[in-house]
Amino acid sequence: MLLIHCPYCDETLPEPEFAYAGEAHIARPADPMALSDEEWRDFLFIRSNPRGNHFERWRHVNGCGRFFNAVRDTVSDKFAMTYRAGEPRPNLDALKEAAE
Amino acid sequence: MSQPFRIAGHGRVDHAQPVRFTFDGRTVEGRRGDTVASALLANGIHLMGRSFKYHRPRGVVSAGSEEPNALIGTSRGPGRFEPNTRATMQEVRQGLTAESQNKWPSLSFDVGAINDRLGRFIPAGFYYKTFKWPRSFWDKVYEPFIRQAAGLGKSPTEADPDHYASRHLHCDVLIVGGGPAGLAAALAAGQSGAETVLVDEQAEIGGTLLSEPGVRIEGQGAWDWLAAALAELRTMPNVRLMSRTTAIGYYHQNMVGLCERLTDHLDVLPEGAPRERLWRVRAGQVVLAQGAIEKPLVFDGNDRPGVMLAGAAQTFLHRFGVKVGNRVAVVTSHDSAWHGAFDLAHAGVKVAAIVDVRAEVPRVLTARAEALGIEVLTGHTVTGTTGRLRVATVRVNPVQGGRVGAGRTIACDALLMCGGWTPSLHLFSHTKGSLAWDAEAGAFLPDRKTEECEIAGAGRGLWGVAAALEDGARAGAAAAKAPGRVAGVGTFAVEGDRTGSGVVAKELPTDRDAGLAKAFIDFQNDVTAKDIRLAVREGMRSIEHVKRYTTNGMATDQGKLSNINGLMIAADALGKEAPAVGLTTFRPPYTPTTFGALANLRKGRHFEVTRRTAIDAWAEATGAVFEPVSLWRRAWYFPQAGEDMHKAVARECRAVRTAVGMFDASTLGKIEVMGPDAATFLERMYTNPWAKLQPGRCRYGLLLGEDGFIRDDGVIGRLAADKFHVTTTTGGAARVLNMMEDYLQTEWPDLDVWLTSTTEQWAVVALQGPNARKLLEPLVEGLDLSDDAFPHMAVVECTVAGFPARLFRVSFTGELGFEVNVPARHGRALWEALWQAGQAHGVVPYGTETMHVLRAEKGFIIVGQDTDGTVTPQDAGLGWAIGKAKTDFVGKRSLARPDIVAKGRKQLVGLLTEDPAVVLEEGAQIVADPNQPIPMTMIGHVTSSYWSEALGRSIAMALVEGGRDRMGEVLHIPMPGRTLRAKVTVPNFVDPDGQKLKV
Amino acid sequence: MTAQIHSFPRSTAVAVTVLPLEARFSLRLRAASREAAEAALGLPLPDRIGRTSEQGGRRALCLGPDEWRLDVPAAEAAAVAGALEGGIPHALVEVTDREVTFLIEGPGSLDLLAIGIARDVRRLEVGRGARTVFDGVQAVLVREGEERFTLAVWRSYASHVEELLRQGAREIALGL
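Chains as they are written, first to last, in full-length UniProt numbering: chain A, 1 to 100; chain B, 1 to 999; chain C, 1 to 176.
Hints may contain errors.
[As the list claims (entries may be wrong)] Computed cross-link-like contacts, DSS-like style, restricted to lysine-lysine with a CA-CA straight-line distance of at most 25 angstroms:
no., chain 1, residue 1, chain 2, residue 2
1, B, 903, B, 892
2, B, 903, B, 983
3, B, 432, A, 96
4, B, 154, A, 78
5, A, 78, B, 432
6, B, 774, B, 996
7, B, 692, B, 647
8, B, 884, B, 723
9, B, 481, B, 449
10, B, 603, B, 154
11, B, 449, A, 96
12, B, 481, A, 78
13, B, 996, B, 858
14, B, 53, B, 154
15, B, 886, B, 723
The set of hints was computed from the structure by calculation and includes no laboratory data.
So here's chain A without its partners, still in its complex pose (with noise of 0.2 angstroms):
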């Protein structure tokens, strides 16, 4: 059972409270009907499955209710970091140097 610190309550909760929701800062194109196929299956279907730091979604549903962003490893399952969704993509050496 894995700590998630909620970007909105601003509290480290267990993760019953919380739900995972794929990979983050993937938008909705604005008008979907002007891509072209390949375009249309790379948003939907495409994913970066990295083994390292992943930029990845959660929501507190048994809590405030909102939809997060998050940086997590996917072999050590820690978070690195939880921030606010509309927020831009953190630079991750920047977290690392910040961090030593």
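Given the coordinates of chain A, work out where chains B and C should sit on it, guided by the hints.
The following block gives chains B and C in isolation, referenced to the frame of chain A:
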């Protein structure tokens, strides 16, 4: 009973309190504080079980939870039988029934022991090599044989009447292990003010100190110091001490699972007491002070009853006042066994000899042994034992320059062995913390940590009470370190400490044919040294392969005694160093844990939540049969006397089609969509147009995923310009709300609209049938229910039977229909009011089965039954539900993808069997040509199939490739023994023009 | 509606009762509308998740950045339901019947909650609340006093939760 091996007044058991229990039917007397193992040993009983594969007689090897041999069945009445309980952990209680395992007809004479004679024919990998062919032998010969041979003990056959508890716990410092290191850590952490929890799996906290009464700490005897330390800890409000509590798993972010045994030691079960409690502890810091586990030595006959670990004998002596024999011999590669031998000699046990595989042993030890009259045989090996059900002699040989000299036998009734100590790092391994081989300690020690934890004492290779205390205090202080907290590192003056060292041995050298030796490594799985060497000869190179091929370390003790011995021998056979061969992985749980503890509250009726509606109790009282629908239980049908399901459903169907039925529709998901942008939001989410829907009107809504496939559907009513009452499927309610929230929060946060789940705010009663209006009219105030004033797909807020209501005119049956929503507290009262009013109109209650039949007669889909996540609106014949003028909605772009517009997709059609009496099986596969060779090309499957009472024949719906181009075509449904024929038709069987709705 | 007293073990350790229904609403609006809504409702709306406010018998608990639970006397339900009409973009939905609220009080209340709640309830300050999970069931927990909590769950889950609370209370009374 005499207890000939009990030493009066010795040990920590209560000699004034006899406790009687039975072992294999024989009454045995122990003392309060005994384990089953210690009580049996006190009575001179060493034979406690038979081994798993060879059925060899076995006795107790250890005194703790690592015990591989002394596994017993325990019982305290029906349903309270537990197999594979370690006799070294089960405390005696009055009336306990214990039995040995893997024996028939009796423990001392066992027919299965023939396997032992045949042992040379069932080596490692035997099963893999033997049970291969012929294939036909599997069912009749091999599987029964393997099942017969496999497993330890018997499974209980009755339901477990006990219940189990669950508790979450949060603390600053969790300390696992209550020996000197753990105690010192607890004192340091506790004194700092940190919230500290100390857990120990034994009945008594104290660890090694319980077996080392001769050590003096701070000028006190070890037991006095222990009592004082525990007393001090108990006075601290920030410290919690938990005995009989095993840390079973170490999970992410310092979550540790504990299993606390609450009642297994009690003579009388307190009424309503849980048997065990599973704790989920979240700790800021964890201190692992689990000590070390003594290793057996590997030699021929090392599994004979009476051969045990030297440290275990020391524990039985000091903790339980039990001598394990009258004339013992010792074989060791480590100093610690010498001390155990000295303690036994002091207690009056004749120590026949101490055999040490090392040529050089500290002079202080040999001198002491000689002074006690013990024969010292350094530079010797053990090459065999004798004794049928208990060791009688041990054969010892000198070793010089690698050559084994002539053997001689020494008579003994117990043989104590010590191959050194393995730091207990199982929990540390659960965290994927890495281990590194320490040549000096001859052990794997903790290396890289992944969690906020400290390892203290023997766990990191520190031997002796002084070192453990000092290191525990250090670890406790480090773990407690936090802003505002001061943790001092205590120092401890220790006298009489017994530090020591040893060498790591593989199997002991012998002058006999090693191929004939039964030198066991894994006692529980009957793995011998030669099995490991065979595995390496047969090509296993990785220790993981050796483990699986030989099953070494795969029994319930997870190789606590065997892993390192197995590794040393594998490494030797491979010609590599131990660290190059590596260790296998330990996984939770640390020791076998009951399913009851793991399930805890989720047992019986609480295995899963059962959601009930406000009308559920009425249905139950009326004799409804229920079915689960997602987490809900729903009335399935309402049988009357003498009716089976078919008859009840037929009657319910007839009543709805000819009179009126009432149905509890409360479980439908309901979402209040409210705000100025409510219509805009629904336009984007659903395929249908909403902007022009007038308040007071409803529309069927179809929800797709972005991939274009149907996710959910339901009627949506517009109550006001900015307020919609959205309904979803019962199972889809939470999913749909989550999906809507996702789009709203992350794609369109600019929209002023909010979603509130009202599923449980409203109880819903559906009235369906030609008499529905007549039934309802008198109960509705100030509202014209006529078709002109309140037509199909109208909605209004009004009063029904005196309750505030949202009244929908909708139909999921094809009949005139209404759905009445009232606040849930009034659901039962509304239902009963309608029931009363309906008596004059032939009302019947109906359940989900009738609902399914009636909707299928109309061809209405059930999402998840007639769709499967690959069905588009066009596939389902719901193209009409797509707003043609809409430029975008969730899933629209996908409806133009090449494979979605391609010909030949599976489409929903009706099927009418040629034989009208035959009801097809849902899920049955459909083929175009029944004469094609197997495997046939399947072109679809039946999704819904029922007996239609209205038509007096069966009906079905199916997803069939190019289905709508096959109207009138006969398709085939191959079933066991016969092939059924059915004609493709439009899926709308009753009142296809919808005349019945226009009344 | 009268309070339903259930047959929980009335040990000194912890008592569980079901609170009578008054009126409960879910209020949703943007931060920009908060002051206007406060004026219309006659009730401050706390802007931090978990905080509560009370005024004139009305009470608000902030559950999310744009979400409040309002508890008001039953007699004021209609007045509150209409209070925000016109002008303020919002959603105000009555959910009185959606939920069953348990009152848990006594020295054993923290232990009892810990049978099903994974978060550290001790750290919840008096007068604050949170939406969380009790044994897999979503619940809203409010700490009314040091040893006094309310736990609200959706109606259909209530019997499951009540039975577990009863079992837990019995276990705590045994002192094992």
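Now for the hints, and whether the structure bears them out:
1. For the suggested pair residue 903 of chain B and residue 892 of chain B, the alpha carbons sit about 19 angstroms apart, so the restraint of at most 25 angstroms is met.
2. Taking the CA atoms of residue 903 of chain B and residue 983 of chain B, the gap is about 21 angstroms. The hint holds against a cut of 25 angstroms.
3. A distance of roughly 22 angstroms separates the Cα atoms of residue 432 of chain B and residue 96 of chain A; the hinted pair therefore holds under the 25 angstroms criterion.
4. Between the alpha carbons of residue 154 of chain B and residue 78 of chain A the distance comes to roughly 41 angstroms, so the proposed pair goes past 25 angstroms and is violated.
5. Annotation: proposed proximity of residue 78 of chain A to residue 432 of chain B holds, straight-line Cα distance about 13 angstroms (limit 25 angstroms).
6. Restraint check for residue 774 of chain B and residue 996 of chain B: the C-alpha separation of about 15 angstroms stays at or below 25 angstroms, so the hint holds.
7. With a CA separation close to 45 angstroms, the supplied pair residue 692 of chain B and residue 647 of chain B exceeds the 25 angstroms bound.
8. Taking the CA atoms of residue 884 of chain B and residue 723 of chain B, the gap is near 24 angstroms; set against the 25 angstroms cutoff, the hint holds.
9. Our distance criterion of 25 angstroms between C-alpha atoms is met by residue 481 of chain B and residue 449 of chain B, whose separation comes to about 18 angstroms.
10. Proximity of residue 603 of chain B to residue 154 of chain B is assessed by CA-CA distance (about 22 angstroms); at most 25 angstroms being required, the pair is judged to hold.
11. In summary, the hint linking residue 449 of chain B to residue 96 of chain A is supported, as the alpha carbons are separated by about 19 angstroms, within the 25 angstroms threshold.
12. For a cut-off of 25 angstroms, the pair hint linking residue 481 of chain B to residue 78 of chain A stands: about 23 angstroms separates their Cα positions.
13. Under the criterion of a C-alpha separation no larger than 25 angstroms, the hint pairing residue 996 of chain B with residue 858 of chain B is consistent with the structure, at around 12 angstroms.
14. Of the pairs offered as hints, the one joining residue 53 of chain B and residue 154 of chain B holds, with about 15 angstroms between alpha carbons and a cut-off of 25 angstroms not exceeded.
15. Proximity of residue 886 of chain B to residue 723 of chain B is assessed by CA-CA distance (about 21 angstroms); at most 25 angstroms being required, the pair is judged to hold.
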